[in-house]
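Visitor: Position chain B against the provided structure of chain A, taking the given hints into account.
Protein chains in written order, with this note's numbering: chain A, 1177 to 1906; chain B, 5 to 231.
Source of the hints: derived by calculation from the structure; they are not laboratory data.
Be a bit skeptical, because a hint or two may be false.
Simulated coverage check for chain B against chain A, where a stretch passes if three residues somewhere in it have a Cβ under 8 Å from a Cβ of chain A [as the list claims (entries may be wrong)]:
| id | segment |
| --- | --- |
| 1 | 17-30 |
| 2 | 55-63 |
| 3 | 106-113 |
| 4 | 203-209 |
Using 25 Å as the maximum straight-line C-alpha spacing, the simulated DSS-like pairs for lysine-lysine come out as follows [claimed, not checked]:
| id | chain 1 | residue 1 | chain 2 | residue 2 |
| --- | --- | --- | --- | --- |
| 5 | A | K1893 | B | K116 |
| 6 | A | K1893 | B | K110 |
| 7 | A | K1893 | B | K140 |
| 8 | A | K1618 | A | K1364 |
| 9 | A | K1727 | B | K27 |
| 10 | A | K1314 | B | K109 |
| 11 | B | K155 | B | K198 |
| 12 | A | K1818 | B | K136 |
| 13 | B | K128 | B | K77 |
| 14 | A | K1893 | B | K109 |
| 15 | B | K174 | A | K1875 |
| 16 | A | K1314 | B | K110 |
| 17 | B | K109 | A | K1900 |
| 18 | B | K116 | A | K1818 |
| 19 | A | K1190 | A | K1227 |
| 20 | A | K1738 | B | K174 |
| 21 | A | K1383 | A | K1493 |
| 22 | B | K140 | A | K1738 |
| 23 | A | K1738 | B | K116 |
The beta-carbon is built from N, C-alpha and C at its ideal position, and this holds for glycine as well.
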Amino acid sequence: MKITPEIIYNHGIKNDEYKKIINLMGKEPNLLELGIFSAMWNEHCSYKSSKKYLKTLPTKNKWVIQGPGENAGVVDIEDNDALVFKIESHNHPSFIEPYQGAATGVGGILRDVFTMGARPIAILNSIHFGYHNHPKTKNLLNGVVSGIGGYGNCMGIPTVGGEVKFSESYNENILVNAMAVGLVKKDKIFYSKAKGIDQSVVYVGSKTGRDGIHGASMASAEFDSNTEEKKPTVQVGDPFAEKLLLEACLELMKDDSIIAIQDMGAAGLTSSSVEMASKGNLGIEINLNKVPCREKKMTPYEMMLSESQERMLLILKSGKEDSAKNIFNKWGLDFSIIGKTTNSKNLVLNFNNKEAANIPLDALSTKAPIYDRKWKKSIVSKKIPPKEDYKSLNILECLKKILSTPNNSNKSWVWEQYDHTVMGDTVQKPGGDSAVVRIHGKNKGVAITVDSSSNYCLANPINGGKQVVCESWRNLISVGAHPIAITNCLNFGNPEKDQIMGQFVETIDGISQACTYLDFPVVSGNVSFYNETQNKSISPTPTIGGVGLIKNLDNMMSKNIKEIGSYLYVVGKTTGHLHQSEFFREIINMNEGPSPEINLFNEKNNGLSVQQLINNKLVNSVHDVSSGGILLALSEMCISGKIGAKIKIPENKISPHEYLFGEDQSRYIIEINEKNKNKVSNILKKNSIYFEIIGKTQKDSLDINKYLSINVEELNKLNSFWFKNYFAEN
Amino acid sequence: MKSSVIVFPGSNCDRDVAVALEKFHIKNQMVWHNESSLPKSDLVVLPGGFSYGDYLRTGSIASKSRIINDVIKHANEGGLVLGICNGFQILIETGLLPGVLLRNKKLRFISKDIFLKVNDFNNKFCLNYKKKNIIKLPIAHNEGNYFASNKILDNLENKNLIPFKYCDEKGNINKISNPNGSSNNIAAILNDKKNILGMMPHPERVIHPLLSGEDGSIMFESLTKLN
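Chain A on its own, in the form it takes in the complex (with noise of 0.2 Å):
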């Protein structure tokens, strides 16, 4: 078959990248290689807008055993425990099939971690939707929803977190970002570099389909109006087959059989065999015609470029072939030898005993197109006062309206469609500020979040991107972790439009520095670019999900208010910064104006100090204060601790319109009791900790000074009926 101008266009290959290809190859593809181009230097797989950037991460600390580049992050938690983990999306397949979109992606997000020989033992999500009101946004919601807990609960792993968003930003491009985390010990990690050559290289799982086929070149794109016909391009899932593939590989790595693993996700065959064998600088030589297929009269380009599911691609020591071949059957697996590793460097694929592609592998990996794309500044807007005198309007009547928004409503209707008790190790379920699962056996605990923030991060990238990284941090420490390492998953625009490069470099750039102070390095992520629709860019939405350690899980903490006559401290300084919050956007619809400042310096004081609070058992309660400030913090508090209290806002000069909504950085509310308020105080002070005594709980009501009065189960009522309302369950 002649490779026209239009085949090449399809295949998303712009003119300059064919010439270099016909430069690498010395000669013009056949229709096979340059699927197999196509699907290893698509920006999805080769990473080529954003590379330049990614390098400039920190990515070590003294618990990292692996960073980026891995199927997924390791770090060490001691006792020869390491947690393995790592986020991706989903985005593109979600919005054009939300359940298949969104089960897929945990399958595989589940695969990546168990590939290196961990147990998975939490899923967490970042979903984000268009307006609520947007026709599209219910059956996508709850499409969604279905999707990650008919994949996540049918393996018995608990999702234990996440978040979930709404904004006109997502009307036509939603985000769904998975993250998994895996257990297993330190000597016996499992890593996907080939090595030695006339090994069998062997596949495993289900079988190969025609589904997925260019699913990450359709990620690699922008939508248009057409979006509905990519529908073949999304994967099915059958978590069934993924949980006897977990299993099968769980009990294969009990012995040393395994070389290198590799799942097959996005580009199927073709990344998984073309990483492994370049990693390992050796050649692999596969024969397609063992590979596995589910459907009669599969050609070598639908093999090779399928996303069927739950698939491994292995490569196993001579002679464990037979015994290896044992485990997959007892568990129904589909068990192939496909072909070797070898020493000619090139992806040699063999069909019918005819060769069908031959491509050196360098011109997949490593000498796959890089760009330095143009970038411009993003314009940080001026702190302009708003037109509405919102310092006239009743307290209590803005703090109803922002607790029952569907951005700050009780998202429980989301998290109880998932199974998050599984595996009996749950000790902080999903609605706090950290998941918490407790290494089993033992009595310490991973403390797991995913944040977003995307509102900051459109109104001026560099502070947004510091602002999610040590969100993510305070999250770690208000359940008395350890801040250890994060991931993340970068979802931007087009990369090729300088506005949207400058957004994602800025990004970067903030999320760098946050993770350099705080010693909060990423160890694994993935990029989404492209969630673009006829010229409409999403906001920046980099998602961060942190890790921590408590070593014991006597000092874990969690938000809900303890007792009656305890003292409430708020750490951390308030100076009113009400642009870009939730009062300014739910209150008076304005969205314009800078995102609250970051001081790292303060940042991490504040965190290290109230850790060494509760790590001295001081603490009865800690929340971090975040979107809709001290007041929506409060009111969290009292809702899950079923308690009220009586609040004077101290004596300064800002109004208590700032005070109580003001979402400065940085910041903490503890709850102290009595006896420990005098240590607590001369803690914080020899920190030199900014702190205010706002009040002390009591019975039943939240009042502040003479602003408000409500009952702790009337704000309860207010937090809980959106989505119930929304679909109509009442």
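Guide: Frame of chain A; chain B shown alone:
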């Protein structure tokens, strides 16, 4: 006391229940679905999960698996059988327990803590609930909506074969406290001889103070007492 936990492809609460049994010093063995005979056991547990991927109908393929003949034999000889969640669905499919489990009334998966009123202590699983008869356990299922003919329901009620009913914090059994639409707020049922218990809630998930309570422990303590 010896127990066997049957592991089907797709079971996912097998480890959790084994941990609970062992915590209460019950000597447990895991038994693969494809085995032809059970090891000597006082108690057989069919764990929660998605046996055979829930394909065809929840529990239906498991009810035809190789090991199940021996489980039925054990049950008919008076041996104890506990089916939790998917295990309950399997017991129904084998015919060891009557009725059906439909999809939840709201057609959604439900994972949350619920309250249960213990209505019968006169069986080997619930002896120790005499000390606490309103308990909190988690549920996590898509098909837990118990349905049966009036005749079956009357038999269950009259013979005290409904050890757990969904209730509120204070023990009121009503429509609001019914999470999935089950007839008569049924969360669990026993066979006539009371040696087979099928239940939707998961006692094995609440056996430590860190895990929203220890009300599940009471069931395993009851079983331990049998020695």
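Visitor: Would you mind marking each hint as holding or not holding in the structure?
Guide: The hints, checked one at a time:
With 5 residues bearing a CB less than 8 Å from a CB of chain A, the segment 17-30 of chain B meets the requirement of three and the coverage assertion stands. For the segment 55-63 of chain B, the assignment as covered by chain A holds, since 4 residues bring a beta-carbon within under 8 Å of that chain's beta-carbons and 3 suffice. Counting residues of the segment 106-113 of chain B whose beta carbon lies closer than 8 Å to any beta carbon of chain A gives 3, which reaches the threshold of three, so the coverage claim holds. Three residues within the 8 Å Cβ limit are the bar, and the segment 203-209 of chain B against chain A gives 3, so the coverage statement holds.
Restraint check for K1893 (chain A) and K116 (chain B): the C-alpha separation of about 18 Å stays at or below 25 Å, so the hint holds. Between the alpha carbons of K1893 (chain A) and K110 (chain B) the distance comes to roughly 21 Å, so the proposed pair stays at or under 25 Å and holds. For the given pair, K1893 (chain A) sits about 22 Å from K140 (chain B) by alpha-carbon distance, which is consistent with the 25 Å threshold. Distance hint between K1618 (chain A) and K1364 (chain A) is fulfilled; the C-alpha atoms sit about 19 Å from each other, no more than 25 Å.
Proximity of K1727 (chain A) to K27 (chain B) is assessed by CA-CA distance (about 23 Å); at most 25 Å being required, the pair is judged to hold. Taken as a hint, the K1314 (chain A) and K109 (chain B) pair is honoured in the structure, with Cα atoms around 20 Å apart against an allowance of 25 Å. Between K155 (chain B) and K198 (chain B) the alpha-carbon distance is near 18 Å, which keeps this suggested pair within the 25 Å criterion. A threshold of 25 Å between alpha carbons decides the hint, and for K1818 (chain A) with K136 (chain B) the separation of about 24 Å falls inside it, so the pair holds.
Restraint check for K128 (chain B) and K77 (chain B): the C-alpha separation of about 19 Å stays at or below 25 Å, so the hint holds. As the CA atoms of K1893 (chain A) and K109 (chain B) are separated by approximately 23 Å, the hinted pair is consistent with the 25 Å bound. Simply put, K174 (chain B) and K1875 (chain A) have alpha-carbon atoms about 21 Å apart, close enough for the 25 Å limit, and the pair holds. A distance of roughly 16 Å separates the Cα atoms of K1314 (chain A) and K110 (chain B); the hinted pair therefore holds under the 25 Å criterion.
As the CA atoms of K109 (chain B) and K1900 (chain A) are separated by approximately 15 Å, the hinted pair is consistent with the 25 Å bound. For the suggested pair K116 (chain B) and K1818 (chain A), the alpha carbons sit about 19 Å apart, so the restraint of at most 25 Å is met. At most 25 Å may separate the alpha-carbon atoms for a hinted pair to count; K1190 (chain A) and K1227 (chain A) meet this at roughly 19 Å. Pair hint K1738 (chain A) plus K174 (chain B) holds up; C-alpha atoms about 22 Å apart against a cutoff of 25 Å.
Proximity of K1383 (chain A) to K1493 (chain A) is assessed by CA-CA distance (about 23 Å); at most 25 Å being required, the pair is judged to hold. Of the supplied pair hints, the one linking K140 (chain B) and K1738 (chain A) holds, its CA atoms being roughly 20 Å apart against a limit of 25 Å. Distance check on the hinted pair: K1738 (chain A) and K116 (chain B) sit about 22 Å apart at the alpha-carbon level, within 25 Å; holds.
When each numbered hint is compared with the structure, no violation occurs for any of them.
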